[in-house]
Amino acid sequence: MKDKCLAFQQETASPPPQKASVAIYEQIRSKILSGELKPGDKLPPERDLIEMFQRSRPTVREALRMLENKNYVTISRGKGTIVNKLSTDEVERTLSNLVRLSLVSVDNILDIRNVCEPLSISLAAQNRTDQDIRVMKDILSYGEGITSDFERSMENGNRFNGAMARSSHNEMLYLIMRITSKFSNEKMLASAAKMSEEEKTQLAKNILKQHFGLFEAIVQRDSEKAVQRNNEHIQSIANALYHV
Amino acid sequence: MAMNFTPVETKKANEYVFEQIENLILSGQLKPGDKLPSERDLMEIYKRSHPTIREALRMLESSNYIRVIPGGGAEVCYNSTEGIQESIGELLEFRRVSITDIYLFAKLAEPEFIKQTIQHYTWEDLVSLEELCEAMENSTDDAVDYTIKMFTFHVELMKATHNPLLYVFWNTMERFWTSEKLQRDFGSIQIQDIRLLQAANRDILDAIRKEEPERAASLVRVCWENWQMAEPDKEDR
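Taken in sequence, the protein lines are chains A and B.
For the first sequence, the positions run 1 to 244 when this note's numbering is used.
For the second sequence, the positions run 1 to 237 when this note's numbering is used.
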């Protein structure tokens, strides 16, 4: 990670009057959004920023805090200020709040996911690369060893779903699947909570087996088979949970 | 003898105050338009120093929960769907989601969602949709202008599902699409036959009124087939 020597402009007093810290925040933020500053990049040290922006330390600090507040950067004493990879966390958090405020229902979220999932899987079968296959295979192999640990099995299953969505190579679909996955998981885990340990282990094994089937269809680049197997998989989970 | 010590967590004072007020806003106890107590009162309520309170207020402002009003004081301005639209928009920008991905996604997903439109639309939705369709009728000689109006029409179609999240996604995609830096890609729009496209859009409304989901889905597909994007240059990906 090297310091980025960037030409931060001296903030000029131009209308409309804007707090200096906000102006600094905006400048850095737009460099992050444009890709000029990439995840992992380190911002210049505070004293350099003070020099570049020609502003006081508190002002620069406030701007950095605002960036940290919005998750654009992480500030740590030893390592300085590092640009984050913008995750879906902020959106997921806001979405949870909307559900809590009853502005969006869980059904709204799942309705969207139910439409998008077969699309994502179909595209995964079409667009997947050898690298994607390797990643998915590793996840499934790992899953074989942990079927008696229900929580870890479910986590691993989520990782598999994420890898499948990635293989679609459509970023919009991937983001939607990512954002909605938490709500689908929560629903499932809530229902499974009432199951016995044996039932849970059996469920974990079945899910893994179905994931292997899905994986096979994707390897074969057979979209139809993949979508069909996914439908069966969803039905099977619903049955298992319904009978609890 | 084994002892179990648990990790001790400390929280910065300003974060504590921030979270307290954030919770009040998110739970609806403080509504948009409500005024916050003065800084002095907040110091009293939370038993914290002035700098701490000021920092917490700054954090609230930067998270778009409150707005400082002229004359002093702060009021709650949190409008949640705006908030999530902004976050999703930033995510799209940051992840460099390409216009092709959005187009492909809309092309695949809208035919499915239009069925939900038919299930939930109201009379007011139809009125808005009619108006937007009229506006499109008047722009059939300008591909760029027509495109912009057509997207607005399709966003309204998704709004009529009455799934607020779906509307948020489509609205964000539309804003992202027509934002300045993507205008340069408009050079590569290919509309085979704009009159055919307009007819298809018109017929979608007809299919909705007659509550024919399969026909509506098929017409939405026709629309997206007819409106094509040539693959933009990949240099910016």
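One or more hints might be untrue.
Unchecked claim - Far from chain A by the CB rule (all over 12 Å, computed), these chain B residues: (1) 3; (2) 46; (3) 93; (4) 96; (5) 111; (6) 122; (7) 173; (8) 192.
Claimed, not checked - Cβ-to-Cβ under 7 Å is the rule here; a few derived chain A residues that face chain B: (9) 90; (10) 110; (11) 112; (12) 115; (13) 173.
As the list claims (entries may be wrong) - These stretches of chain B come out as covered by chain A in the derived footprint (C-beta under 8 Å, 3 or more residues): (14) 145 to 159; (15) 197 to 206; (16) 209 to 221.
Think of the hints as simulated: they come from the structure by calculation, not from any bench.
Here the structure is a predicted model, which is why all the values come from computation and not from measurement.
Positions of the beta carbon are idealized from the N, C-alpha and C atoms, including for glycine.
Please confirm whether residue 122/B is truly not at the interface, meaning its C-beta sits more than 12 Å away from all C-beta atoms of chain A.
-> For residue 122/B, whose nearest Cβ neighbour in chain A is about 17 Å away, the distance exceeds 12 Å, so it holds.
Would the stated hint for residue 112/A survive a check requiring a Cβ distance to chain B of less than 7 Å?
-> OK, holds: residue 112/A within 7 Å of chain B, min 6 Å.
Minimum beta-carbon distance criterion (7 Å), residue 90/A to chain B = holds (5 Å)
Double-check residue 173/A for me: the hint is only fine if its C-beta lies closer than 7 Å to a C-beta in chain B.
-> At 6 Å from the nearest chain B Cβ, residue 173/A passes the 7 Å test, so the hint holds.
Once the closest CB in chain A is found, is it more than 12 Å from residue 192/B?
-> holds (24 Å)
Residue 111/B clear of chain A by more than 12 Å, beta carbon to beta carbon?
-> violated (10 Å)
Closer than 8 Å, Cβ to Cβ, for at least three residues: run that test on the stretch 209 to 221 of chain B against chain A and report holds or violated.
-> violated (count 0)
Verdict on residue 96/B as a residue remote from chain A, using beta-carbon distances over 12 Å | violated (7 Å)
Evaluate the condition: distance from the CB of residue 3/B to the nearest CB of chain A exceeds 12 Å.
-> The assertion about residue 3/B holds, with a minimum of 27 Å to chain A.
Residue 93/B and chain A, when compared Cβ to Cβ, separated by more than 12 Å = At about 5 Å from chain A, residue 93/B fails to clear the 12 Å cut-off, so the statement is violated.
Classify the label on residue 46/B as holds or violated, using whether its beta-carbon is more than 12 Å from each beta-carbon of chain A.
-> holds (19 Å)
Grab the minimum C-beta distance from residue 115/A to chain B and call the hint holds if it beats 7 Å, violated otherwise.
-> Result: holds, 5 Å to nearest chain B Cβ.
Violated hints, in rising order: 3, 4, 5, 7, 10, 14, 15, 16; the structure is consistent with all others.
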